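Keeping their order, the protein sequence lines are chains A and B. Numbering of the first sequence is given in our numbering, commencing with residue 1 and proceeding in unit increments. Numbering of the second sequence is given in our numbering, commencing with residue 1 and proceeding in unit increments.
Hints may be right or wrong, so weigh each one.
As the list claims (entries may be wrong) - Label pairs and their calculated CB-CB ranges:
1) G126/A x E199/B: 23 to 33 Å
2) R12/B x E175/A: 20 to 30 Å
3) E353/B x H202/A: 24 to 34 Å
4) R293/A x D294/B: 28 to 38 Å
5) E175/B x E175/A: 33 to 43 Å
Since the hints were derived computationally from the structure, they do not count as laboratory data. A quick note: this is a predicted structure, and the numbers were derived from the prediction, not measured. Glycine included, each C-beta is placed from N, C-alpha and C at the ideal position.
Number of protein chains: 2
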Amino acid sequence: MLPHMSNTPIARFDDLLSTRARIGRGGPAAPTRPVVNALYEFGGGFPDPASFPYEGIVEATARMIKVEGAEALTYGDHQGYRGLRELVCEKYELFEGLHVKPENIVVSNGSGHALSLAFSAFLDIGDPMLSEAPTFSGTLNTIRRHGPQVLDVPVDADGMVTAVAREQLERLRREGRRCKLIYTIVNFQNPAGPTLSLERRHELIRLAQEYDTLILEDDAYGELRFEGQQLPSLYALDPTRVLRAGTVSKILGAGFRLGWLCADPSMIPIFQSFLFGGGVNPFASRVATYYLRDHMKEHVALLIDVYRAKRDAMLKGLWDVLGNTDVEISKPEGGFFIWIKLPTGTDPARLSERAVKVRVQITPGTSFLINGGGENFIRLAYSFEPPERCYDGARILAEAILDSRR
Amino acid sequence: MLPHMSNTPIARFDDLLSTRARIGRGGPAAPTRPVVNALYEFGGGFPDPASFPYEGIVEATARMIKVEGAEALTYGDHQGYRGLRELVCEKYELFEGLHVKPENIVVSNGSGHALSLAFSAFLDIGDPMLSEAPTFSGTLNTIRRHGPQVLDVPVDADGMVTAVAREQLERLRREGRRCKLIYTIVNFQNPAGPTLSLERRHELIRLAQEYDTLILEDDAYGELRFEGQQLPSLYALDPTRVLRAGTVSKILGAGFRLGWLCADPSMIPIFQSFLFGGGVNPFASRVATYYLRDHMKEHVALLIDVYRAKRDAMLKGLWDVLGNTDVEISKPEGGFFIWIKLPTGTDPARLSERAVKVRVQITPGTSFLINGGGENFIRLAYSFEPPERCYDGARILAEAILDSRR
Chain A
1 MLPHMSNTPI ARFDDLLSTR ARIGRGGPAA PTRPVVNALY EFGGGFPDPA
51 SFPYEGIVEA TARMIKVEGA EALTYGDHQG YRGLRELVCE KYELFEGLHV
101 KPENIVVSNG SGHALSLAFS AFLDIGDPML SEAPTFSGTL NTIRRHGPQV
151 LDVPVDADGM VTAVAREQLE RLRREGRRCK LIYTIVNFQN PAGPTLSLER
201 RHELIRLAQE YDTLILEDDA YGELRFEGQQ LPSLYALDPT RVLRAGTVSK
251 ILGAGFRLGW LCADPSMIPI FQSFLFGGGV NPFASRVATY YLRDHMKEHV
301 ALLIDVYRAK RDAMLKGLWD VLGNTDVEIS KPEGGFFIWI KLPTGTDPAR
351 LSERAVKVRV QITPGTSFLI NGGGENFIRL AYSFEPPERC YDGARILAEA
401 ILDSRR
Chain B
1 MLPHMSNTPI ARFDDLLSTR ARIGRGGPAA PTRPVVNALY EFGGGFPDPA
51 SFPYEGIVEA TARMIKVEGA EALTYGDHQG YRGLRELVCE KYELFEGLHV
101 KPENIVVSNG SGHALSLAFS AFLDIGDPML SEAPTFSGTL NTIRRHGPQV
151 LDVPVDADGM VTAVAREQLE RLRREGRRCK LIYTIVNFQN PAGPTLSLER
201 RHELIRLAQE YDTLILEDDA YGELRFEGQQ LPSLYALDPT RVLRAGTVSK
251 ILGAGFRLGW LCADPSMIPI FQSFLFGGGV NPFASRVATY YLRDHMKEHV
301 ALLIDVYRAK RDAMLKGLWD VLGNTDVEIS KPEGGFFIWI KLPTGTDPAR
351 LSERAVKVRV QITPGTSFLI NGGGENFIRL AYSFEPPERC YDGARILAEA
401 ILDSRR
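Take these sequences, add in the hints, and give me the full structure.
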């Protein structure tokens, strides 16, 4: 049976596409793997491959298969493997003293997927929502596919500027519209870097209550705090009105594609109903759980040291070269990213070209803004390369920045 | 930080829900795990746990981590692990002599998820589509969440009755509406059992061409053919107009949550765009691929013997007791399920009660019809229990059927 492999363009079937398929079409796809021809991969938020616990994973797989192989290889619980949900509770307890129950957790295929469950549950096309601007480009792709109207709220050193959030909410109210949800990255905001201050956390909760809306709290990096004080999550401040997304991608490995939403148990069935088929990966869930059950604390401690060293190396490389300019460089208290406001006079197009030439992979600031802007910014990830390459690459890129003045 | 764990019902936030969240609400959830208190688990299509290659999986994990551990533990290709896509091509070649390329495949979290990608790409709420009636209950749950209008097409011994499909398409045309897609389970139709005849396969393709629509071909069980002739897939007959869903759930293990859509490469980016975040499970994809690369042919041969014996045992148990009635019992040429039209006079409600009492888990026929009907049918899965229990449980259930006459 040799089918005729046609080159017919989808254009033939374009008129069959759903509205959601049309509206998101042509949006940029986030990179998911290190760019092969880059010498310095500072683009995506790829975890440090040298820190993956390879032997530990093999050992956990063997141990797990012995104990619950039959359950690991068949369909799973709609809400996600209970052992993993218990582990998430332990994690919250360990790192934050936050008490939640497995009933509050629904497991997803990574936290991007967790966010999509919340968007699917609450957003119709055209519905208003608030988001930090800039915000994570991957989330913007997911948001595009759901088609809401995104109202921008700027970010300063204390995180989302809640005064502007209030203005946006008030404006919507005057128009007789209701904000469906407020999306925020509370710790080491991606890409801009700040952590939402305690005062603003309380203010944001007040806003959600006053304007009767929900908050979607994205916290993929919270455990990887190098310094500074950990603040209570928004979820901890109002567990009925906040949906909190988390992931094992940064504390273990993104390859397991395991994340979750933590929310009021009454909402869980709604999110579950957008998980199509068979429960989120029973096999990967159990391998990750068996590993993390025994090693979470020590492994996270190790990762904090690893990523702090990388951040510091990259910052040093940048400042060594750009110290005499008016560049603005974030110093996040954790996470994977540095956000740079380019020195006055830098030509972003020229910089893009030069970065390719010196083979440093970067992400342009425009990727992080759904309503335009960001031309004078770039984001660098220090997570993937070893510290010495973070330093060298940062210097090379900084030279390219200097060479890109108009 | 001790949050107040409130019992606030979602009702508080009901007015924030999206249309899709509302329309699918309250639909029945498919069982994903064997019911603990059933003595005979004939409900869900759970693979045979005794056939899982436990040691092979542990060995494949160790081997894979050595070769490409770094790739397995980080984000993956948006289209899915290329090794798995190559394996799917090998599988099609091996079992069907069908040539496809990795470019034709997009990996999903199981075939239910693959179907949802197609529904998301093509269905708006209210859009018309055709489906066999009865059809798989899990797919009906996914369909409910997308909100199309489903037009029923009955099934007979040769599969979907294409003459009725033509009538439905013609009726839509008269109404000035266009069928978005035709959903069909071509081999050992779930639940009814028939395989779509070659003549009907050609006719269905003609219909799709004539009415300019797409076909979504669901084939989760095709390799598990116990007897009878394998027919060319609909995809092989028209690879530009057919989207074909497949899975490793039945030939390896559902716990890996790996499926795919095979379609014209021009359509792949559309499906991909509904995969939120990071590529489908890089870790599980690689473990499954490493195992199946070396063992697919022999493992599938083993499974065919395993499931054939179970089917035969269950059929014998049913016929031994019900031989003197006008019961109708399917004899599928493969797959996991038997479909039973209960003897005249059977009270389905009474049977449900008695089945619980004798602890035989069954699925009522009504689960497989979205527009009503099916009261006089039940579906049994012979996949999970060993043959002797398939026989015993079938006898016990058959007695319960006899005891449930009005």
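These are the hints, each one checked on the structure:
no., hint, in the structure
1, G126/A x E199/B: 23 to 33 Å, "violated, 47 Å"
2, R12/B x E175/A: 20 to 30 Å, "holds, 23 Å"
3, E353/B x H202/A: 24 to 34 Å, "violated, 55 Å"
4, R293/A x D294/B: 28 to 38 Å, "holds, 31 Å"
5, E175/B x E175/A: 33 to 43 Å, "holds, 37 Å"
Figure legend: structure checked against the earlier numbered hints; hints not met, in rising order: 1, 3.
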